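Peer 1: Listed below are the residues making up each chain.
Protein chains: 2
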Amino acid sequence: MTAKPDSTHDAARRSWVASANTGATDFPIQNLPYGLFSESTGGERSIGVAIGDQVLNLRGVAEAGLLPEGCAAAARATLLDPLLALPGTELAALRERLVALLDAGAEERERLSPLLRAQNGVTMHRPTSVGNYSDFYAGIHHARAAGALLTPENPLPANYKWVPIGYHGRASSVQVSGAPVRRPLGQLPPAEVGGAPGYGPSGRLDLELEMGVVLGRGNARGEPVPVGQAAEHIAGFCLLNDWSSRDVQRWEMFPLGPFLSKSFATTVSPWVVTPEALAPFRVAAMARPEGDPAPLPYLLDAADQAAGGLDVRLSVLIRTARMRAAGEEPVVIITSNARHLYWTPAQMVTHHASNGCDLQPGDLLGTGTISGPTEAELSSLLELTVGGTRPATLPNGEVRRFLEDGDEIILRGRCERPGFAAIGFGECRGTILPAPGTAGEGARA
Amino acid sequence: MTAKPDSTHDAARRSWVASANTGATDFPIQNLPYGLFSESTGGERSIGVAIGDQVLNLRGVAEAGLLPEGCAAAARATLLDPLLALPGTELAALRERLVALLDAGAEERERLSPLLRAQNGVTMHRPTSVGNYSDFYAGIHHARAAGALLTPENPLPANYKWVPIGYHGRASSVQVSGAPVRRPLGQLPPAEVGGAPGYGPSGRLDLELEMGVVLGRGNARGEPVPVGQAAEHIAGFCLLNDWSSRDVQRWEMFPLGPFLSKSFATTVSPWVVTPEALAPFRVAAMARPEGDPAPLPYLLDAADQAAGGLDVRLSVLIRTARMRAAGEEPVVIITSNARHLYWTPAQMVTHHASNGCDLQPGDLLGTGTISGPTEAELSSLLELTVGGTRPATLPNGEVRRFLEDGDEIILRGRCERPGFAAIGFGECRGTILPAPGTAGEGARA
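Protein chains in written order, with the UniProt record's numbering: chain A, 1 to 445; chain B, 1 to 445.
Hints in this document: simulated from the structure, not taken from any laboratory.
None of these values were measured; they are calculated from a predicted model.
What you were told as hints is all true, and nothing was included just to trick you.
Below, in silico cross-link-like pairs of lysine to any residue (SDA-like), each with a Cα-Cα straight-line distance of 20 Å or less:
| # | chain 1 | residue 1 | chain 2 | residue 2 |
| --- | --- | --- | --- | --- |
| 1 | A | LYS161 | B | ALA196 |
| 2 | B | LYS161 | A | PRO189 |
| 3 | B | LYS161 | A | TYR199 |
| 4 | B | LYS161 | A | ARG250 |
| 5 | B | LYS161 | B | PRO289 |
| 6 | A | LYS161 | B | PHE254 |
| 7 | A | LYS161 | B | GLY198 |
| 8 | A | LYS4 | A | GLY419 |
| 9 | B | LYS4 | B | ALA100 |
| 10 | B | LYS4 | B | GLU416 |
| 11 | B | LYS161 | A | ALA191 |
| 12 | B | LYS161 | A | GLU192 |
| 13 | B | LYS161 | B | GLU290 |
| 14 | A | LYS161 | B | PRO190 |
| 15 | A | LYS161 | B | PRO189 |
| 16 | B | LYS161 | A | PRO197 |
Use the sequences and the hints to build the structure in full.
Peer 2: Put into structure tokens, the structure is as follows:
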């Protein structure tokens, strides 16, 4: 069951952490996502809770004896997985306690203040261990737009409306926001059919706007997860940039799918936004157009259909090297919304475990690129520039078909609904470095 | 550089562990592979070395002060990864020391005897942590045979002779020999084009005969591995059964590749056979037929071409439930040889890291199904029965198109060369259990 809004969502509630009350950050007291941080000088990693522009050291809160007993041990861990794997009742109790502790009227203010650090003064780490990473293809507008570039007469695969299509990604490639992205070398498609491929820096480096689904409780090998229970396995959500090399991808992917075109880097935002925090922003699963088949029974749950979707406004910003040199701020190039996903996160979990695959705490699922139906919502450069044939012009006059060295890409996500405090996901950021062995002038297709 | 035969390969050498000298096991003193075991009563895991029908507790040897200093700490670990990540010089020194300690004339016999356990009296575990698992497609005869079933007019993908094709597998699915394999549920292809898919137990459950490449030293993110140095990253080899659900695969795999058709289980043999032990059995990389392109420069190394291949005789055996009930031994249904691989393990490593992907100690690569050019060497049932159209008859009269519940599949690998002691890989074994929620009568396509 997806959580319903409760007193922890009260829009009138304020925190004694002043920056949480301004609306200027993604992290009012109604959000409280979890992350993993260390002091910027180094030292042990701790679980942190984002509040305003601060991070609260959860280990410190546990050591002060202020957390519910059921989660105190996990709150002291140096990684997030055990906390996220706790039963939903424990996590709900933890959220309630944190709301009470951070409430403007809380008596614990004096004791907790020393446990705050400025977010811009700490080092954030990959939030979970990501033992396994799988990427779905649940953005139907992306699948259709990408398919149209390859097989215009039949853009959507025949299985699309039945199968939550996915593939296994490279777990070691998953890195936290801020880590740079080195342009990959790779085999590049032959100039003519039957010719020899090239080898060198990818000339068609792309971004993909996705959300990440972070798994909490796992399932035992051989034991599928009923769709009605799938939400209990989801610990939270983040933003995810599935960096892609389109030239490498086109040449390598037949017949076994994307490999090196994806595994050079995948960036996630540092905060795991909980299902509890997102409760007010759940929406019906994407309405299936007339004539679309109903999900097969193993993927169909009334509660999930009614409230399994996510209303998250997503955006992609770019800041080029020239913009950075000129002191200019990043500009938005794409906006979309997670409600455009054809499959719900619960359906992804259930499908993934349907063959008995054991999902594990801290595993990561990507949703697939979340394009919308309009041109402004095409959520990769492949789509936006129609395979590079219609270059995009930035406000400063620079032109992009694909990413250039020095380009910085930032994903943002924000939930807004009248009567509720707006919450957000923080940033998912990465800057392109030149390929190994190149002088830094980049590569152009 | 691939190791060359040295005194540790002396075929005349005998061990004070009598069973190592009979030729009846895979583990003479010239082999000495590493594994991870615990007492069958439970307790901590230890690294073990296979010798004859025994396993030597390497932690005990380290605690007795008998190992070279450089590897003593890693030898005491409760997982194999740190040991395998040691520099090649340390691993070579460890091998030499173990050969000396187990030699028939060794003075340490009395001290070491208490550290032996019968292999059939201990529990073997997955040898490494397998943080990441990737599966290649380097068996060209398999690629051609499998392709012929789908696109008879063009069986081999256009990129095949250029790209060491691979895809990311599911790390959590990798299990050690002996663990059962539950038949997966899944979406099954529609009976007619445009129809609805089915859902239920896979009716086309298959095996795939592969070898596993176990990684030792990793590479930093963004730093490719030159092919001339790739061998330094390979810690050893094992057998690998890439269980596959052909009906699920056919329906799900376009356009992003195999997913749930593979991730329900992947079985590996428990012993990591070292490159040092395999030195006498290295052969030239597969001779490329007239007209085949040379490997691109980043994949081409003279030493690797001369001795990067593996001469390992492989076999697949089956024992059905009826055979087991009748007390019958498993029978061989497939034989092949790892020298049929189109790409060398070094080429797989270099290609995998060419985009900057960080390979990590304990990672696992599958080679892909190693079919040979003859009918007896077709190394999956898909090929052997021509997609299920030509059922195979077992000696007891049973017929198989694909695997039935209760079928036990065993992979074996053996290296033989005149003048050298034969070495082997142990067994890679798994038995099919009925799908969840079925009474055990199995599923037939």
